[in-house]
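Each chain, letter by letter, is given below.
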Amino acid sequence: GAVVSQHPSRVICKSGTSVKIECRSLDFQATTMFWYRQFPKKSLMLMATSNEGSKATYEQGVEKDKFLINHASLTLSTLTVTSAHPEDSSFYICSARDFRTDNYEQYFGPGTRLTVT
Amino acid sequence: KNQVEQSPQSLIILEGKNCTLQCNYTVSPFSNLRWYKQDTGRGPVSLTIMTFSENTKSNGRYTATLDADTKQSSLHITASQLSDSASYICVVSAKSSASKIIFGSGTRLSIRP
Numbered sequence: 303g304a305v306v307s308q309h310p311s312r313v314i315c316k317s318g319t320s321v322k323i324e325c326r327s328l329d330f331q332a333t334t335m336f337w338y339r340q341f342p343k344k345s346l347m348l349m350a351t352s353n354e355g356s357k358a359t360y361e362q363g364v365e366k367d368k369f370l371i372n373h374a375s376l377t378l379s380t381l382t383v384t385s386a387h388p389e390d391s392s393f394y395i396c397s398a399r400d401f402r403t404d405n406y407e408q409y410f411g412p413g414t415r416l417t418v419t
Numbered sequence: 092k093n094q095v096e097q098s099p100q101s102l103i104i105l106e107g108k109n110c111t112l113q114c115n116y117t118v119s120p121f122s123n124l125r126w127y128k129q130d131t132g133r134g135p136v137s138l139t140i141m142t143f144s145e146n147t148k149s150n151g152r153y154t155a156t157l158d159a160d161t162k163q164s165s166l167h168i169t170a171s172q173l174s175d176s177a178s179y180i181c182v183v184s185a186k187s188s189a190s191k192i193i194f195g196s197g198t199r200l201s202i203r204p
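Residue numbers (my numbering), protein chains in the order written: chain A, 303 to 419; chain U, 92 to 204.
Be aware that a few hints might be false.
What the hints assert, rightly or not - Per the computed footprint, the stretches of chain A lying under chain U, defined by three or more beta-carbons under 8 Å from a beta-carbon of chain U, are:
| no. | stretch |
| --- | --- |
| 1 | 365 to 371 |
| 2 | 377 to 383 |
As the list claims (entries may be wrong) - DSSO-like mimics (lysine-lysine), calculated; alpha carbons at most 30 Å apart, straight line:
| no. | chain 1 | residue 1 | chain 2 | residue 2 |
| --- | --- | --- | --- | --- |
| 3 | A | 322 | A | 366 |
| 4 | A | 366 | U | 191 |
| 5 | U | 191 | U | 162 |
| 6 | A | 344 | A | 322 |
| 7 | U | 108 | U | 191 |
| 8 | U | 92 | U | 108 |
| 9 | A | 368 | A | 343 |
| 10 | U | 92 | A | 357 |
| 11 | A | 322 | A | 357 |
| 12 | A | 344 | A | 316 |
| 13 | U | 148 | A | 357 |
| 14 | U | 108 | A | 322 |
| 15 | A | 366 | U | 162 |
| 16 | A | 322 | U | 148 |
| 17 | A | 357 | A | 368 |
| 18 | U | 162 | A | 316 |
| 19 | A | 316 | A | 343 |
| 20 | A | 366 | U | 148 |
| 21 | U | 186 | U | 148 |
| 22 | A | 357 | U | 186 |
| 23 | U | 186 | A | 366 |
| 24 | A | 368 | U | 108 |
| 25 | U | 162 | A | 343 |
| 26 | A | 366 | A | 343 |
| 27 | A | 316 | A | 366 |
| 28 | A | 368 | U | 162 |
| 29 | A | 322 | U | 92 |
| 30 | U | 162 | A | 357 |
| 31 | U | 108 | U | 186 |
| 32 | U | 92 | A | 368 |
| 33 | A | 316 | A | 357 |
| 34 | U | 108 | A | 357 |
| 35 | U | 191 | A | 368 |
| 36 | U | 148 | A | 368 |
| 37 | A | 343 | A | 322 |
| 38 | U | 108 | A | 366 |
| 39 | U | 162 | A | 344 |
| 40 | A | 344 | A | 368 |
To be clear, the hints were calculated from the coordinates, so they are not data collected in a lab. Even for Gly, the Cβ is constructed at its ideal location relative to N, Cα and C.
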C-alpha cells in the first residue's frame, strides 16, 4: 500500500520558537494533504486541507498565521508551528490522498509528537 | 448536521473472544465509510473501505458491515489477539466538492490475556 512519512517523529522545542513538520507521500502523488492534531484519548481533529500549488483551507478556529502550511509539490507538505506555546503540545498527523485515483483511500502518516517547554 | 457516533467508547475483552464495534452516522450525501485502527502514538491504519453499494467487507479477522438505509456500520473482530488493543475509528466521507470527512471519536479496545 501507499506510504506516508512524517519527520520528525518527535520534537521538543522551547516556547516562542518555530517548528516545521514534514509530510511526504513516498510512492504516490498526493493532490491533497490533510493536517490533524490529536489530544490524548481523543479523536483526530482536522486542522487544514492543503492542495498542491494552492493555499491551504483552514478549519474554523485554526489560526492560519500560527499554523503555516505549504504544499509545494505533489509529494511534500509542511506544517510550521510558529511561536510555539505549551498549549500547542500535541500529536500532529498528516494524511495524503490522490484524488485522481478516486479510490477514496486516505493514507495517514505515523504522526509527530510535539512538546513545547 | 453531519455526525459520526461510535459505541462503546471503550471495551475490554479477553484474548480469543470476539467483539463488535458500532458506528452510526448522519452524513449526507454519503460517499464512503472507513474503519481505521490506531495504535497508541501512531497514525491510523486503514482496515476497510465501503461505498454505498457494499454491505460487508472483510480484512482477515476484521469484518465490517454497512447498512446504508439505517446509516449504521459495525466492525466485528474475531478471535481477538493482544495486538488488537488499539483505538478503532469510524470515518465517513460526504459526497461533495469539499469532500468533507467526518471522524468518529473512536472505540478504545483493550485485549486482556
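Here is how each hint holds up against the structure:
no., hint, verdict
1, 365 to 371, "violated (count 0)"
2, 377 to 383, "violated (count 0)"
3, 322(A) to 366(A), "holds, 14 Å"
4, 366(A) to 191(U), "holds, 19 Å"
5, 191(U) to 162(U), "holds, 17 Å"
6, 344(A) to 322(A), "holds, 23 Å"
7, 108(U) to 191(U), "violated, 35 Å"
8, 92(U) to 108(U), "violated, 36 Å"
9, 368(A) to 343(A), "holds, 24 Å"
10, 92(U) to 357(A), "holds, 27 Å"
11, 322(A) to 357(A), "holds, 17 Å"
12, 344(A) to 316(A), "holds, 25 Å"
13, 148(U) to 357(A), "violated, 37 Å"
14, 108(U) to 322(A), "violated, 44 Å"
15, 366(A) to 162(U), "violated, 35 Å"
16, 322(A) to 148(U), "violated, 39 Å"
17, 357(A) to 368(A), "holds, 15 Å"
18, 162(U) to 316(A), "violated, 46 Å"
19, 316(A) to 343(A), "holds, 25 Å"
20, 366(A) to 148(U), "violated, 39 Å"
21, 186(U) to 148(U), "holds, 21 Å"
22, 357(A) to 186(U), "holds, 22 Å"
23, 186(U) to 366(A), "holds, 26 Å"
24, 368(A) to 108(U), "violated, 47 Å"
25, 162(U) to 343(A), "holds, 26 Å"
26, 366(A) to 343(A), "holds, 25 Å"
27, 316(A) to 366(A), "holds, 21 Å"
28, 368(A) to 162(U), "violated, 38 Å"
29, 322(A) to 92(U), "violated, 34 Å"
30, 162(U) to 357(A), "violated, 34 Å"
31, 108(U) to 186(U), "violated, 37 Å"
32, 92(U) to 368(A), "holds, 28 Å"
33, 316(A) to 357(A), "holds, 28 Å"
34, 108(U) to 357(A), "violated, 48 Å"
35, 191(U) to 368(A), "holds, 23 Å"
36, 148(U) to 368(A), "violated, 41 Å"
37, 343(A) to 322(A), "holds, 24 Å"
38, 108(U) to 366(A), "violated, 47 Å"
39, 162(U) to 344(A), "holds, 23 Å"
40, 344(A) to 368(A), "holds, 22 Å"
When held up to the earlier numbered hints, the structure conflicts with 1, 2, 7, 8, 13, 14, 15, 16, 18, 20, 24, 28, 29, 30, 31, 34, 36 and 38 and fits the remainder.
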